[in-house]
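If you're matching them up, the sequences are chains R and B in order. Be aware that the first sequence starts at 31, since it is given in my numbering, and climbs by one per residue. Be aware that the second sequence starts at 31, since it is given in my numbering, and climbs by one per residue.
In short, the hints are calculated from the structure, not lab data. Accuracy of the hints is not assured; some may be wrong.
Identical copies carry no separate label here, and so any pair may be met within one copy or between two of them.
Below, computed lysine-lysine pairings styled on DSS-like, alpha-carbon distance capped at 30 Å [to be verified]: (1) Lys263 - Lys486; (2) Lys368 - Lys89; (3) Lys105 - Lys136; (4) Lys89 - Lys53; (5) Lys488 - Lys53; (6) Lys483 - Lys263; (7) Lys119 - Lys105; (8) Lys279 - Lys136; (9) Lys90 - Lys368; (10) Lys218 - Lys368; (11) Lys382 - Lys89; (12) Lys136 - Lys251; (13) Lys90 - Lys381; (14) Lys381 - Lys89.
Number of protein chains: 2
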Amino acid sequence: MKKFGITPLRSENFPEWYQQVIKEADLAENSDVRGCMVIKPWGYAIWENMQRILDDMFKKTGHQNAYFPLFIPLKYLESEAAHIEGFAKECAVVTHTRLQADNQGKLIPASPLEEPLIVRPTSETIVGESFSRWIHSYRDLPILINQWANVVRWEMRTRLFLRTSEFLWQEGHTAHETSTEAEAEAEKMLECYREFAENNMAIPVLCGEKTEMERFPGAVKTLCIEAMMQDRKSLQAGTSHFLGQNFSKASNIQFVGRNGEYQYAWTSSWGVSTRLIGGLIMTHSDDDGLILPPRLTPQHIVVLPVIHHEKDENAIWEYCVQIRTQIEKIYYSDCSIKVHIDGRDLNGGAKKWEWIKKGVPLILEIGPRDREKHTVSVLRRYSMEKYTLPIEEFIQSLSQELIQIQSGMLERARAFREQSTQQITSEEEFDKFFETQGGYAVTFFAGDRTIEKNMKEKFNVTVRCILSNETGEKVENCIFTGRPTQQKVVWAKSY
Amino acid sequence: MKKFGITPLRSENFPEWYQQVIKEADLAENSDVRGCMVIKPWGYAIWENMQRILDDMFKKTGHQNAYFPLFIPLKYLESEAAHIEGFAKECAVVTHTRLQADNQGKLIPASPLEEPLIVRPTSETIVGESFSRWIHSYRDLPILINQWANVVRWEMRTRLFLRTSEFLWQEGHTAHETSTEAEAEAEKMLECYREFAENNMAIPVLCGEKTEMERFPGAVKTLCIEAMMQDRKSLQAGTSHFLGQNFSKASNIQFVGRNGEYQYAWTSSWGVSTRLIGGLIMTHSDDDGLILPPRLTPQHIVVLPVIHHEKDENAIWEYCVQIRTQIEKIYYSDCSIKVHIDGRDLNGGAKKWEWIKKGVPLILEIGPRDREKHTVSVLRRYSMEKYTLPIEEFIQSLSQELIQIQSGMLERARAFREQSTQQITSEEEFDKFFETQGGYAVTFFAGDRTIEKNMKEKFNVTVRCILSNETGEKVENCIFTGRPTQQKVVWAKSY
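Pulled out of the complex, with its shape left as it was, chain R reads as follows (with noise of 0.2 Å):
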C-alpha cells in the first residue's frame, strides 16, 4: 500500500488533515492564549512573499502606507450603529492600565481607564478620525491609504490562519470627492485582489458581490473574492468595501466642495488577511502536505546531497555547490530563484520527506551517478513526477518549469473548482446538489432575505456572492420564487 507523507488523508477527515499539513510543514502552531497562532519561519517566509507584492501592487495604484493606532475609543464605534452591532460581540476591551500585587500577592488588574479602550477588530473609525483632521477641502481627495497591521476579534471556534483572535492583514480605507470614485476605487482593489490570488497564489476566484446578508457592517456594497477548496467549501479570500457616507457622517469627514459648500467625503476600505495562507494550504496541498506555487515560496529548489560512501562526500557536495552557483549565475539577478542545499546530517529519506511536506517545488536528490553523467535527479512536487537530465538542459528549462508548474497548479485547481460547479434551474436541483456532495450551486435568485436563511438553516449554505461577469446579461425566473431577474449567484458552504 502507498504511504502517504499526511495521517489523515484529505478524503479520510478533510479538517484534520489541515491541521497536520501545517504541522508538518511547521508553518504555524497554536499558542497558550486562546484563538492566537504563533507563526514559524516557514509560515512567516510565506506571508513575507505575499505582502512584497501585495505591496508592489498597492503602491503602484497610488497608495501610499501609514500607521494609525492599535487601540480605539469605544465612542468612536459607536458612531457607526451598524458597525459596532457588526464587532461589538467579539473584541478585546482594555480596562487597565497597570497591574499590582493583591493581599496573597497574586497580580491583579489596577489604574481603570475611564474609558475602555478596544483593540482594533478593523480600522475604520479610527482611520476616519484621522481623515476628518486631513481632508479640508476637494483638493485633498482622494486620499489613498494602506495600513499592515495586527488585528483582534475575539473569536470562540478557531482555528490556524483560517480564524484566529489576532490576525495580520492589511487594511486599505481612501475618501474620494464623489460616490462614482469611491465605488470605482472599490472594485479596482478586488480586480487587484483577483489579480494577485490568480497569478500569485496560484487561486481561481469568483469576483462578486456580497448579499445584505453577508455585507459588511456599515458598508453599502461589500465585494468579495471567492475560492473553492478541495473540500467543495467556498472560502472568502478578500473583500473590497464601497462605505457610501456611512462612515463619513459617523467621523465627520467633511470637505469644501467645487461648489464652495461642505459635504460629506465618499470612503472605501478593502483587506485581505493571513487567511489567505489557510486558503493557499486548502486549495492546493495534496496526501504528502503543502504544495507552494514558485511565485510565493521561500525556496524554489532544495538540493539534496546523496552520499553512500564516505570517499565520495567532497565531490558530491561540490557538484551540488556548482548546480547552486550556476543556477544563481543565470537566475539570481533577474527573476531571483532561491537554491538551498540541505547538509544536515540526517537520514536522506527522512530530509527528502520533509522537503516535500513543506511544499518546495523542486527537490534534487545528487548522487554519484548524477556527478559521475553530469545529470540532475529531480522531484517536481505539485505532480509528484520524477525526472532526471543533463544539468545545462535543467538550467536552461529552469524558469520554463516554474512557469509552468505555476500554472499547472492554477489549471489543476481550476478545473476542480469546474467539476464541483452546477448550473441549477431548479429548487429540487439545487436541494438534490447539496444533499450530495454539493459544491458550488449557481442560481438566478431574485434576493429574498427569508430563502437565505432557510437555505442556511437546511444545507448551510449561503449566497457567497452576486457573480459580477455573469450577472446582468439576460433576465430568468429565481428558482425559488420565480421571479424574474437578472441576478446570477454562487450557492455554497463556507469557512
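Put chain B on the given structure of chain R with help from the hints.
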C-alpha cells in the same frame, strides 16, 4: 532678518521646535487615544526604508522572521521576577471580550476573562514559551528569530516617536547552547545596530554596556548604542541584551546537551523601534525643518517646474520629465534614486518650502533659463547651498553628490558630538560641566549605585554606558571615589 521654516528655533525652545519639525514635515500626529500616534505616509515611508535595510542585515546574519501573539497571559510575566517588576507599572490590561448595552443603552465591557491578558510590552516571555516547545536537543540550537511588531507600554508623559504608549519595533530573540555564544550574539547585534545607525541614519553612536541601574528588567547584561541629540542630551537608540539563563529558567527552555544531560538554554534579545525616527529628527534637522539622509529618504530629488508664463509651461514640463528620465535611466536599476516632479498647481515658494521642511536631499527648481541653457538649479538641503550645473554634469556627479551628503551629515553630527564631549578628571570639573551647557562627560567610574542616584537627583544625568572601546585599556582613579578602575563611562542627560 532671515526667516526660517520652523518656529520656534532650536535655540529658543528645543522640545517645541521638535514638535514643529514633525508637524511641518507631516511625519506623524497625536491621536485621540492617549499616547498613541498616527504615523503619516512621509514618516511611515522612512520607517519602511529603515525596516528593509535592517531586515536584510538580520537575514544576512542568519535570522528568520516569525510572529508571536499580541497578548501575554499574566502568569508568563510573573515567572521572571525582575521582568514583571519592570513592566507591571505601565501595561494595557485586557479584561473583557465583549461589549453590551447597559440600561441606558451605553456600551459596557462584558464577558470577563478568567485570567486577564496584557498587551505585550516586549515578547521575551511569550517567545520563551514557544522556544520551550521547539528546543529538545543541542542540535536544535541556535534558534535565531526576529519579529516586526507593535508593543505597548502605558507611558504617562509621551512625545511623538520618542515615547509613545504604542510603538513599532523589531525584537530579536535567540537561544544558544552556551553562555559564550549567547553573549557573542548580543554583541554581534549591537554592532549591527551601530553599523545601521552610522552608515544609514548618519548618526554617530557610542557603544557600551549599561550599568546595573539602567539594565533591562531580567537581563544579565544590557548593551546599547547612544546618540547625542542637538540639545546635547543622549538618546538610547538601540539595545541588545544577554539574558543568561534567566528567561530560559522562567519559560523552562531545556535541552539535552552533548553530554546527554538536560540543561537550560542561554538567550539573547535585541531591539530598535520607531524611536529611531525621533533620533533622526533631533540629530539632523535645522531651523528650516527636517533633513533626511539619502539612504533613508523616500524621495531623493524633487523637481519643481517654475512657470512664469503660460506659454513656457509645456516646454518646461517636458524638460523636467527629461531630467527625471535621464536620472532614472542611469540610476534606477542599481541604486534606485527616486525622483518626483511636483506639478501641483500651487505657489512655487510654498511648494519649495514644503519640500525643504520635508528634508528631501536635493530640490531642483527648473525655469525657462535652465531649459534654454540646458542646466539644472539645485538646492542642497543639508547645507542649504545653491548651485547650477549643466544637466550632463549634474547627472554624472549625482551618485557622488548623494554619497557626499550622506557622509557630510555623519561628519557634521560627529563634529557636534566631539565639541560637546569632555574628558573629565575630577568631581569639581564634573559639576561645572553639568552646571553649564553639559553634553557627554567621559570619566573613570568604579561603579556605585548611590553615586548614580545622586547624580540623577543633582543634575538629572545618568551613566549612558560603560564605553566598550575605551574600557580596560588602562587603570585610573574613579573621579568620585578615588578607587582605581579600568571602567570608562559616559554621563549625560537623556531622553
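Hints and how they fare:
In this assembly of identical chains, the alpha carbons of Lys263 and Lys486 lie at most 30 Å apart only when taken from the same copy (14 Å versus 65 Å across copies). Within a single copy, Lys368 and Lys89 get their C-alpha atoms as close as 25 Å, and across copies as close as 14 Å, so both meet the 30 Å cut-off. For the homomeric pair Lys105 and Lys136, the shortest alpha-carbon distance between copies (10 Å) is at most 30 Å, but the shortest distance inside one copy (33 Å) is not. For a Cα distance limit of 30 Å, the shortest separation of Lys89 from Lys53 across copies, 24 Å, qualifies, whereas the shortest one inside one copy, 34 Å, does not.
Proximity of Lys488 and Lys53 under a CA criterion of 30 Å is satisfied in neither setting, with 34 Å inside one chain copy and 58 Å between copies. Taking the closest pair of Cα atoms, Lys483 and Lys263 come within 30 Å of each other only inside a single copy of the chain (18 Å); across copies the shortest separation is 65 Å, beyond that limit. For the homomeric pair Lys119 and Lys105, the shortest alpha-carbon distances inside one copy (16 Å) and between copies (26 Å) are both at most 30 Å. In this assembly of identical chains, the alpha carbons of Lys279 and Lys136 lie at most 30 Å apart only when taken from different copies (20 Å versus 46 Å within one copy).
Taking identical chains as interchangeable, the C-alpha atoms of Lys90 and Lys368 lie at most 30 Å apart whether they share a chain (26 Å) or sit on different chains (14 Å). With identical chains, the CA atoms of Lys218 and Lys368 are at most 30 Å apart between copies only, with a shortest distance of 26 Å across copies and 32 Å within one. Proximity of Lys382 and Lys89 under a CA criterion of 30 Å is satisfied inter-copy only: 25 Å between copies versus 39 Å inside one chain copy. For a Cα distance limit of 30 Å, the shortest separation of Lys136 from Lys251 across copies, 28 Å, qualifies, whereas the shortest one inside one copy, 50 Å, does not.
Within a single copy, Lys90 and Lys381 get their C-alpha atoms only as close as 41 Å, which misses the 30 Å cut-off; across copies the closest is 24 Å, which meets it. With identical chains, the CA atoms of Lys381 and Lys89 are at most 30 Å apart between copies only, with a shortest distance of 23 Å across copies and 40 Å within one.
The structure fails to meet hint 5 from the earlier list, while all remaining hints are met.
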